[in-house]
Structure formats: C-alpha cells, structure tokens
Amino acid sequence: MTELVLMTRREALAGLGVGLAIGLFPLIGAASESSGQTGSGPQAASGPEEQPSSGLNPNVMVHVARNGQTTIVCHRSEMGQGVRSTIPLLIADELGADPARIRVRQADGDAKYGDQNTDGSSSIRKFYEDLRRTGAATRMMLIAAAAQRWHVKPESCSAKNHEVVHLPSKRALPFSELVDAAAKLPVPKKESIVLRPESELVHVNDPNLPLLDGLAIVTGSAVFGADVKLPNLLIAVIARPPAVGSKWLRYDTRRALAVPGVKRVVEMPAPKLPWHFQPWGGIAVVADNTWAALRGRAELDVTWDPGPNASYGSASFRDELLASVRASGKVLRDVGDVEAAFAKATKVVEAEYHVPHLAHLQMEPLVACARFENNRCEVWAPTQNPQDARKEVARVLDMSEDQVTVHVTLLGGGFGRKSKADFVSEAAFLAKACGVPIRVQWTREDDVRHDYYNAVNAQRLRAAFDEQGRFTAWHHRTAFTPIGSTFAVEVDTPTLNDLQQGVLDLALAAPNVRAEACRAPVHARIGWYRSVYNIFHAFAVGSFIDELAYARGADPRDTWLEVIGPPKLHSLADLGISKLPNYGETLERHPVDAGRLRHVIERVTQAARWSDRKGRALGLAAHRSFVSYTAVVISVVPDRARRLRIDEAWITMDAGTVVNRDRVHSQLEGSLAMGISNALYGGVTMTHGVTDQTNYHDARVARIGDFPRHIHTDIVPSTAPPSGVGEPGVPPVAPAIANAIFALTGQRIREIPLARALGTYRLPTHPILNQSTLDGGMR
Amino acid sequence: MKLHVNGIERSLDVDPDMPLLWAIRDVLGLTGTKYGCGEALCGACTVHVDGHAVRACVTPMRRAEGRTVTTIEGLSPDGSHALQQAWLALRVPQCGYCQAGQIMTAAALLAKNPQPSNDAIDAAMAGNICRCGTYSRIRAAIRKAAGLPPDEGSGQ
Amino acid sequence: MVLRPVAPGELRSPADFQSIVDRGARSRALFAEAGGVLQHPRCVNCHPNGDVPHQGMQHTLHDPPVVRGPENDGVPGNECTTCHQNHNQQLTRVPGAPKWHLAPIEMAWAGKSLGYLCRQLQDPLRNGGRTLAQIVDHSTNDELVAWGWSPGHEREAVPGTQKQFGALIAAWVETGAQCPAEDKE
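Protein chains in written order, with our numbering: chain A, 1137 to 1915; chain B, 27 to 182; chain C, 590 to 774.
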C-alpha cells in the first residue's frame, strides 16, 4: 500500500504544510474486523485491505471517496468507554456527513495519528476541538468546491446529510460530486477553521445514539484479542515466574511435548531491572490448540528460584508504610504554619488509612497475536497504547518501528493494564522464534498474578479546629511506591506529579495546610489502574472529612462544604504548591474550582434527599480528578442477619461539555460498580513476593447482587471545556460506602477491603440472599 | 465425536476431556464464546447444551457428545432474539466481552421462566461477572425482553 | 471403654466396636464413628440449612453465588450442572459427580447435632421416605455420596472409604439404630 504524502494530523492542523496534495492512505483494518449494525448508523469497516482509492483526504482522520463513502478513523482504543461510537460521529457531525454513509476504521499504531495512548480519561477532553477541526476542515473544502462551482460565497453554504446546500437558492450537491474538486484545494490552516455551533452536532449528542459495535457484540462476531484468526496460527501459554525477577532453575519438556497438539517449548528472555514493559520471562508451551498448550504447561514441572523480592510480604509492608507516614516526608504543599496551628488547636482529629494493591481484573485476560514474515512483524492486540506496543515490539525484535505494524482489536476491558506492552512483545518474540504466527494466551491466573498493580498505600491525616470551632489546619501524609519505580529503580517516594491526584489539587478552606510525600520502596510492579492514586487519596480524604463531621456532631454535607471553603478558583499560591501538572491541562482552562466541587456535592445530596435522611444510612464523598468533579451518595441497609447491602446510589459528575451522553451515564454506572468492587472486595496481597490471589474466587469483584437495585446517574449541564469521564467517577465511591457503613453501624473502617473489618455487621458473601434465609446457622 | 452445533452436525476429532470452550473456539472457529477465567467463576463462556446453560470452560467434550449445543452465534440468525434486541435498545454493553455469556444465561432463564421477578433474575445472573458494571442495564434488558414493565426508582 | 486409636482420615470398622457389650451403647458408638463422615465439610456443605451450598473446610458460602432452586438443583441459567460435571475436573478445579445437587432442605445437616442427625436420618418424613435398609444402600452405593471420598483437586476427603462407611451404617442399623442422647433438636 503506497502513501504519496504523509502529513501528520497535527501538521495539517497547525498549517505548517502549504497544503496537502491528494493523499492516498491505505485503508488497513484489523483482521476479521467486525461489521457494525445495519440501519441508519455508521458501520465498522470490515474485510481485507482495500486498494487505495482517490478521493478527499485532507488529514489522516477523514477520507471521502468518489462515491461519497466516507471513512473516518477512530484512533483511540475501545474498551467500553464508547470512543468508537463517539469520536467518528463527532467528526462526522462537524463535517455534516450522513451517519449511514460513514465507515469507521480502527487506526493502527502510528505517530501520524497523534496521541493514541488511551489512558487518563483524555480522549474527548484533550482532542475535542482537534477532532472537530478534522471534520470542519473537510467540510470547508467541500463547501469551497461547491461555492466555486456555483459562483457563490462559501459563507452562504452549509454541509448537512452528506451534501452541500446553498441556503438562499436551495441548490444542493452531494459530497460525491464535490470530492475531486475539493481534493485539489488547499487544506485550511488551523486559524481559519470555523467550528459549528455545538447545537448542530446532532448525532453525537443524540441521547439514543446506538453503539457502533452493538450488533457484533450481541451476536458474537465482535473481534477481541483472542478472536483474531490467522493461517497456521499456533497458541502459546507461558509458565511464568511466580514473583517479579524470579527465574527458572529446572524444567522438564518430556511430558509436555508428549501432550497431543504440543509442538514446542521455548524459553522466554528474562527481564532486567528496571522492569518497564518487559515481559517477566518464563517457559512457553506452543501448541495447535489452547487446551493442549494449557495441558502442556501443566506438565512442565518448573522449579523457580525465589528471586530478589522473595522477602516481600503485604502484612509487613503495611507496617512499613504506616511507620513511613508517622514520620515526616518531603513537603510538597505548604501554606501558613501548620505546626503553630496544631499547637494552639482546641480540637485535633487524626486518622490513618490503608489501601492495598488493587488488580485490574478486566474480563478479557491478556492476549496478543503476532506474525513475523519477510523481516516484518505484524501484531494484533487489545492494546490501549498501540504506538508504545510498536516501539516495544521493535525493541524486542531489534528492528525499526517501520518494520512493525500494530493493529488494535476491541478490548475486553483495559482500566490501564493494557497500556503496558509486555503482553504484546511476548507474542512478537515467539512469532519470530517459532517462525509461525503465534497467539499468546494468558490464563486468568497469569493475569491476576502478573498485573501491574495499583500502588499499596498508607496515609495519615490530621485536622485542627480552634476554640470557635473554625477549621484552621490540615496535615496530610501519604506513602506509596509510585509508578515511576517501574521505570527507574531508585524511585521510592511519590513526587509532586504523583500527589496532584487528590492531595495537591484539593481545595481547602484552612489557612494552614501541609502535605508530605513519604517513602515506600518498591517490591512489586506498579502501574495505572482506573483513576490510579485518586483511589486511595479519595478514600482517605473522603472518610476523614466524614470523621471530622461526626467528631463535632455536624452534618457531613455541611462539613464538606466548610472544609472545601467558599466558591473560588484556587491559585498555586492558594494551594501552597510550586506547580500542578493538572492532568496535562492549564489552570486557565481547568482551574481548581471549589465552586464546582461544592456544586456536585449540593446536587447529589439534593437528589438523595440528604436533609431528609432520618431512618436511612447515607454516606457522602466527593473528589476532583482528571479535572472533573464527582460526588456520590451511597445508602446502606441491613438485613435481619445483620448483613449489609448497598440498596441505592447517587452519582453526580461535572465533566464540562459532554458528548454521547448515554456513554457518560454508562461510565457513571460502571464507576459505581468498580468503586463498589474496590471498597468491598478490593486488594491483592503478596507473600514471599508472590501474589496470593489467582482468580475471581479470591480476587473478587462486584456481582449483580452487590450492585444497588436503584441508581441515579446525573451529569451537570455545562459549557465548560470537556473534562475526564472514564475515571473520575471511581474515587468518591469507596469513601461514600465507608461513610454509609459508619452511619449505619457506628463502625469506622479505615482499610480496604471493607468486608474484612466488619465486626458484628458483615457484608453478605452471598449478595443475592438479600432479605432471604439465613446461612444455616454455621456461624 | 459427533454433536450438533448451532443446528449443524459437526464431527470433531478431539480429546474427550477437552473443554467444550476450546473445541468451539479453536476447532470450530466460533469465537463469540469467551474465555474469562477457566474455572466456571465468571460465566463468559456460557453456552446451551440441550437448552441448559453450561459453562463451556469446564464442560468436557464427552458431555456434549451427541447433544445439541447452541452458542451466541446460534441464538438467532441475525440478532433478532428478544434479548439481543433489548440489549441493543438499552445499549447494555460497554466493553462487550462478558455479554455473550450474559445473554446466553438470560436466554436459558427466560426459556424456563418467561416472567421472572428481579430476585429470580439476580439469582440466575449472579454467576455472570461484568467488570464494566452494566448490571442495571442487564436486569432492565431482561425485563424488557420478557415484556415486563421497567423498574421504578432508577434513573438518569 | 477406649476405642482403638486411628490416624486422621481413618475410619474404624464395626469390628472395633464389638467389645462394647451393651447393644444400645454399641449402636450409639457406631453412629458416632459414622459421624466423622456425616459431619465432615465434604458432606455438610451440600446439606445446608438454607438455600445456599457451602464450600471449603470453613463452610464458606458457595461462590459464585448460587441458590437451591425449586428442585434442589439450582435455577434456570444457574443450575448446579451449569458448572458441575459428572466427575471432578482437575485443571479447572471444579468438583463433580453424577447428578450433582443439594440435599433437600428437610435433610439439612449444617449446624445440627449428631443426635439430631441420627433422628432425622431415620424419619421417613425427612429422609426421602427411605427405610433403614435403603439408608444403608444409599450410604454404601450412591454415586454422589461416593464423591466425598474422591473430592478431587486438593480437597480433603472424608475419612475411610465408602465401603467402610456403609458397613458402619449397616452395623448401626443392625444394633437398633440408636441415637446419642442429646437434648438439641
């Protein structure tokens, strides 16, 4: 497939190029890519690679063929957040295309698409205007071509339903008739691109917008990582070192090779510190079907050496973390004089919190396919970061990136695990070693034990009140091994960049504030897990503010509003910090806005009838993350056997301008579920450096019975710039649950999983029992 | 070993202890049925054997021999099953990986209990995990497919 | 009277009780020995006193969450045989035996004393209408009962063998099926 001119989207938009000659770009799709639904919406592009066609191709995102068929690229990975249903339609609406004539093509990993790292709740917030500009630029070229033909001014024309209309005369020309002429015109420079009023983005803002891949999913034709089919494909299952850094001492191939279907046994390279995205190594069993590979692996009889992390145990590390926050650390936030304020305080409240490692536990275990032929490597993977995957494959195979192609399948959940390319480069390595296409299939046990866990954490919070009961000081210490440790061994203390997640960007009314980062050396492989450090910072802060309320006999909502302070945009000086990465946003565009945090609290408590909560046990928490503001109220009820159940939940999010509202609501629903899982059951532990948990029976997640029967999801109407949606719903859920449990039982639980600490009350280990029979008197 | 899969008689030369899941996926190439846990904990692999929901990841081929197996691909020729239509109308899926198993379990439920209460729905669906958290929509879609009125007390 | 010491996992045989002269006392002692099987988690877990099976040596509630259902074999969509096969699965760990299902609620054993079990076992209203001879046959030959001795995958088996258990039950019946004197029902 040839490309005559390659101009990056950014270059086109920045107007750095003079213009764009007709660009032919290869319409490459993932193998066996699913077809979308029939009817009036866009379709997913399917079928084998097509011949390059001429047409209008002003940038890498949009191609209008001569017959009007419009292909729009989705360059971000689909893991349930709805990007494939949203991004192409956003562009299409800005362009004025008819959704029924859109095909969506999933982008391969290629720098020409700009940032493809689908991470950090950023697909819309970072690219909203840029995406619209790709559609707008295309529209402007089509309109310019029509205006020329009609000898009218472009301003008198508009594009809608796949045609350009001259408004005064009502003359119309379909896009297909304008493509050739438009392709000869210069691509508009960024400064000259005019966006439509948002009210004209009708399809992407349709509350009943269907899912692009809906029909494929419900009929089983949707293609996830393990569904990719290649001729002569063999399946590999890898016997993996139990602890990071451990190696095999001995293994036996004889019985493994005797299993019918097993073809080979291959040693995987051992990683070197720092771990980065290197696979952990181990022994691969390669077979012509998955069952044979699984059986073969079971026959390997591997003896492992314990490795350098054999002394790591979660119980002792918890003590280490608590000791760390009982001593001072690196001061990263400082306003006023906390020592003096605490010294003369009339009342001091203090508490410590602990949140264990958390695992991703996405439904699709890691998997990737690779083919190595003619000195090129082609990979198919459910990756959140296809460009990084491409880099990693090139590194492992010692090739240049342009010899590597990474196709992106649908992801059966990601939550941050699939940003790491370890599972992709393994497949490439084996494909080259074996000379045939290889699928590496992780078992659930592999996935649970070889995760990049959310960091385990301890925190200490103290607050001071003067004799008038005024909130005068706040002192926060947090200890965790940051993600940086995965990339550099000496990293053992969180940095300012890490503390921006819920410690430094927390609006506080107290005139004396200090936050410190405390040391936590690395023993496990740490990574990003949906909302990351916000999970534990929100748990501690959200629980602590509730504790402040009860310590003073005050209403928690009032205390939240008092602690946050009046509506105000907090400057760096107000916060007492030297800088704030602010999730890659400027403070001008996305300030630390106490007013917006107050507003979601007021809104959610109103919805929950907070003022009228006598007889109900409600818990409230709120949090700013990914520059959005979220507040949650949880209701907990007991049954006759003193088991607790979450019966109702309210979640309100201010995410600025939103599109595809139904997907925002679904993210709020999903955030509730994930927050409930984290709070009730969350936590993986390690003994001698090996993860104790292996599957869904001991690494538990919420099931249908754990999920409240009544939920209320609420999006704050806003014209503010778009902010994050995928992650910010999660952090306030766990503290709201802990607070509701306190409201019901008087028991304050400061550790996750909450289930473990409940005394006379306990969570049902059997969620569907609810009000029904007791469990046979065994306890 | 002979068995009927989605209405077609198939003849497979496989280990009788091979779980049905891998025969379906690797040998027959029907990839709609998913691997999630391999130990009957998550339900992603749910298919029907003679109309009963079974977890293919732990069901050996010898059990399926001579029987009628239905996978998600065979639930309807074109997505027209009431559950599939309800799933689309309510936009149930997020990532979609668990949904084939959810639908197959729900289909087995509705075939025997066409007007289930919410407690009966939860009891039938309790074994199917959705990590994305689509549970409330799953329950609502089952009600819709069953012709039951929507629940009060939830909303956007 | 002191019985022959036995290793963990070993069951005494009827011969070990011959030295108990009093027929009633011997009967009760035989039943107490059989109690090592009856009250073992492998058996009790599927004789719950509620609608949910138990799992494991601590009688944890079954996970994934399942319920008894109207015919003691689960509910549509989530039946016992949705996951449990007619034999144990090794690599995938799921226990199995023919006709896997729960004992009916009237045969609940969980939380019951040995005396209660003894009386329940003989009561036709609570034992599926069985005669004592049929109880002996069930204990000695039933395939699902047999599972207790081969539970698979690292699960602790009940003591002895099914044959020995059957012999104990037979000897208990033969000595008058006497029950331990306990006041708890």
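The hints are simulated quantities; they were obtained by calculation from the structure and are not laboratory data.
Computed from a prediction, not measured in an experiment: that's the story for all the values here.
Any given hint could turn out to be false.
What the hints assert, rightly or not - Label pairs and their in silico Cβ distance ranges: (1) B:145 to A:1512: 33 to 39 angstroms; (2) C:661 to A:1855: 58 to 64 angstroms; (3) A:1458 to B:145: 56 to 62 angstroms; (4) A:1451 to C:715: 45 to 51 angstroms; (5) C:688 to A:1437: 31 to 37 angstroms; (6) A:1406 to C:741: 43 to 49 angstroms; (7) B:28 to A:1451: 50 to 56 angstroms; (8) C:733 to B:145: 27 to 33 angstroms; (9) C:714 to A:1437: 22 to 28 angstroms; (10) B:91 to C:765: 45 to 51 angstroms.
Note that beta-carbon positions come from the ideal geometry of N, C-alpha and C, so glycine has one too.
Taking the hints in turn, this is what the structure says about them:
Distance hint for residue 145 (chain B) and residue 1512 (chain A): a CB-CB separation of about 56 angstroms, inconsistent with the stated range 33 to 39 angstroms. Look at residue 661 (chain C) against residue 1855 (chain A): about 59 angstroms separates their beta carbons, and that is inside 58 to 64 angstroms. For the pair residue 1458 (chain A) and residue 145 (chain B), the beta carbons lie near 43 angstroms from each other, so the given range of 56 to 62 angstroms is not met. Restraint check, residue 1451 (chain A) to residue 715 (chain C): a C-beta distance of roughly 46 angstroms satisfies the suggested window 45 to 51 angstroms.
The hinted range of 31 to 37 angstroms is satisfied by residue 688 (chain C) and residue 1437 (chain A), whose Cβ atoms lie roughly 36 angstroms apart. Between residue 1406 (chain A) and residue 741 (chain C) the Cβ separation comes to about 35 angstroms, which falls outside the hinted range of 43 to 49 angstroms. Checked against the hint of 50 to 56 angstroms, the C-beta distance between residue 28 (chain B) and residue 1451 (chain A) comes to roughly 55 angstroms, which is consistent with it. The beta-carbon spacing between residue 733 (chain C) and residue 145 (chain B), approximately 28 angstroms, falls within the hinted interval of 27 to 33 angstroms.
Between residue 714 (chain C) and residue 1437 (chain A) the beta carbons are some 54 angstroms apart, a value that contradicts the proposed interval 22 to 28 angstroms. Between residue 91 (chain B) and residue 765 (chain C) the CB atoms are about 49 angstroms apart, so this pair conforms to the stated range of 45 to 51 angstroms.
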